[in-house]
Amino acid sequence: MRYALMIYADPGYLEKLSDAEREAARADYFALADDDRYVGAAQLQPAETATCVRVAGGRTLMTDGPFADTKEVLGGFCLIEAADLDEAAELAARIPAVRFGGTVEIRPVEIRPVEIRPVARP
Amino acid sequence: MLEEAFRDEWGRVVASLVGFLGDFDRAEEAAQEAFAVAARRWPVTGVPDKPGAWLVTTARNRAIDRLRRERALAGKMHLLAAPEATVDEVDDTLIRDERLELIFTCCHPALPLDGQVALTLRALGGLNTAEIARAFLVSEETMKRRLTRAKAKIKAAGIPFSVPGAHLLPDRLDAVLAVLYLIYNEGYGGRVDLGAEAIRLGRVLAALVPGEPEALGLLALMLIHHARRRARFTGPDGADGADSADGADGADGEDLVLLDDQDRSLWDSRQIAEGRAVLDRAIALGGRGAYVVQAAIASLQTRERVDWPQVAELYRRLADLTGSAVVELNRAVALAQAGDPAAALRAVDRLDLDGYLYFHSTRGELLRRLGRDAEAEAAYRRALELAVSPPERRFLTRRLEQL
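So the sequences go chain by chain: C and E.
Residue 60 in our numbering sits at position 60 of the first sequence, with consecutive numbering throughout.
Residue 1059 in our numbering sits at position 59 of the second sequence, with consecutive numbering throughout.
Careful: at least some of the hints might be erroneous.
Mimicking SDA-like on lysine to any residue, the simulated pairs with C-alpha atoms at most 25 angstroms apart in a straight line are [said to hold, decoys possible]:
1) E:K1155 with C:R112
2) E:K1155 with C:G40
3) E:K1153 with C:A83
4) E:K1155 with C:E90
5) E:K1155 with C:A93
6) E:K1153 with C:R94
7) E:K1155 with C:T103
8) E:K1153 with C:D86
9) E:K1155 with C:P11
10) E:K1153 with C:L91
11) E:K1153 with C:M6
12) E:K1155 with C:M6
13) E:K1153 with C:E87
14) E:K1155 with C:E72
15) E:K1144 with C:A93
16) E:K1155 with C:Y38
17) E:K1153 with C:R22
18) E:K1153 with C:G65
19) E:K1155 with C:I111
20) E:K1155 with C:D84
It is worth saying that the hints were derived from the structure and are not from the lab.
Extracted from the complex, chain C is given alone in its bound form (with noise of 0.2 angstroms):
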């Protein structure tokens, strides 16, 4: 089953950090990307850059910020390919963040059956 991790954490917790914590940080982060079973991550730019959009009455809102003002804030996610929720759980318990405090959601992402056609040949 492919799953979303969210990772939500203090924007500053990276910053608190020793040199020495960053660097196993890193390296704990490059090994999980290394794992078979990660499938893509993007890190987010923090939460003051966000911007929320709303269409109403045929406009487009913006507003300034996050969805959600919160002491954590979504600052990245990865995408996994895991046998099950906890197999899911383990590979988010290795995320970093979660040692200083912050959350991983799990999410289960949607599969749309691939309707398969035939190849259109020349």
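Since the structure of chain C is provided, determine the placement of chain E on it from the hints.
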């Protein structure tokens, strides 16, 4: 007697079907069909030699039939390739017992606790939705939604149907034990005797993980407590009123009877003996965990002469394990019973349990014994403010009158 056989086989049949089909709803549906066939047939043909195997095979065949009818479900087609077994050739020993997998799925920490409890009672215990709803005093509709949500999450989130690996097992087993104990403690509430149900599940679990002392500890604890249920309340209906399923939580007219005053002839001595035997096995396995210690306390409390200093010592050990202030309160009660109410009061006064009824009732009792009636009265009054159930209120009112 048919119903008895059904209840005993339900969990095994559902477990085997969930393992086979990978889907709770389909598993339950197929199991229900098989049980319906059995209910029609068995009274005529007699119960087959291997009722479990018969039910599993029949249910599997029904499920395969249904899948054939719903060929659109392309993802399950591989199941149809399995040769269809006939009932005669199936041997009980060929049907693997998958109830342990089922328990761990039902009690998975990714499910909400109320969902874990409901699903365990439904899938493993064989209670129907209406029975579970009654036991938890919610509407059938609410319980149905709770079960549906839990099953949907198992499927969507990929909660595994497996026994957790060694590194996860201790935590997951704790979660299972917590669910069973919760079911036990909810007992006496509704019409369904959840206490007996929790014991049944506890026996199943203890048999499935025979090397786990805490599973035995919990079973022993439940057995010994359950053995005293008829002596715990009394009232106009007499002691039997306490055993009637719907009135046992001390409904109007029934009164709380403290351990000291309980009529021991109402205790189920066979069940106490069984509980002690189970406890001995847990201790022989090296069990020193929270359930084993609680069972040991319960066992000591059912002795002809209670060794209160020993009970206090066990509560101390339990407090170390759990860090619970309520356990400390119980330790204090044991100290008082051992003859030292002053030490008990000192221990109680260190606790931060102001919103807890039994904190104040215990203080009242200790102050009364120490002859400090004015303070005792204040404590009992505070307890009465917090008491909700009629028997507790009557008990406290009597204590106040006696001062």
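Against the structure, the hints come out as follows:
no.: 1; hint: E:K1155 with C:R112; result: holds, 15 angstroms
no.: 2; hint: E:K1155 with C:G40; result: holds, 24 angstroms
no.: 3; hint: E:K1153 with C:A83; result: holds, 16 angstroms
no.: 4; hint: E:K1155 with C:E90; result: holds, 19 angstroms
no.: 5; hint: E:K1155 with C:A93; result: holds, 22 angstroms
no.: 6; hint: E:K1153 with C:R94; result: holds, 24 angstroms
no.: 7; hint: E:K1155 with C:T103; result: holds, 23 angstroms
no.: 8; hint: E:K1153 with C:D86; result: holds, 14 angstroms
no.: 9; hint: E:K1155 with C:P11; result: violated, 34 angstroms
no.: 10; hint: E:K1153 with C:L91; result: holds, 20 angstroms
no.: 11; hint: E:K1153 with C:M6; result: holds, 18 angstroms
no.: 12; hint: E:K1155 with C:M6; result: holds, 20 angstroms
no.: 13; hint: E:K1153 with C:E87; result: holds, 16 angstroms
no.: 14; hint: E:K1155 with C:E72; result: violated, 29 angstroms
no.: 15; hint: E:K1144 with C:A93; result: violated, 33 angstroms
no.: 16; hint: E:K1155 with C:Y38; result: holds, 22 angstroms
no.: 17; hint: E:K1153 with C:R22; result: violated, 36 angstroms
no.: 18; hint: E:K1153 with C:G65; result: violated, 32 angstroms
no.: 19; hint: E:K1155 with C:I111; result: holds, 13 angstroms
no.: 20; hint: E:K1155 with C:D84; result: holds, 10 angstroms
The structure shown violates the earlier hints numbered 9, 14, 15, 17, 18.
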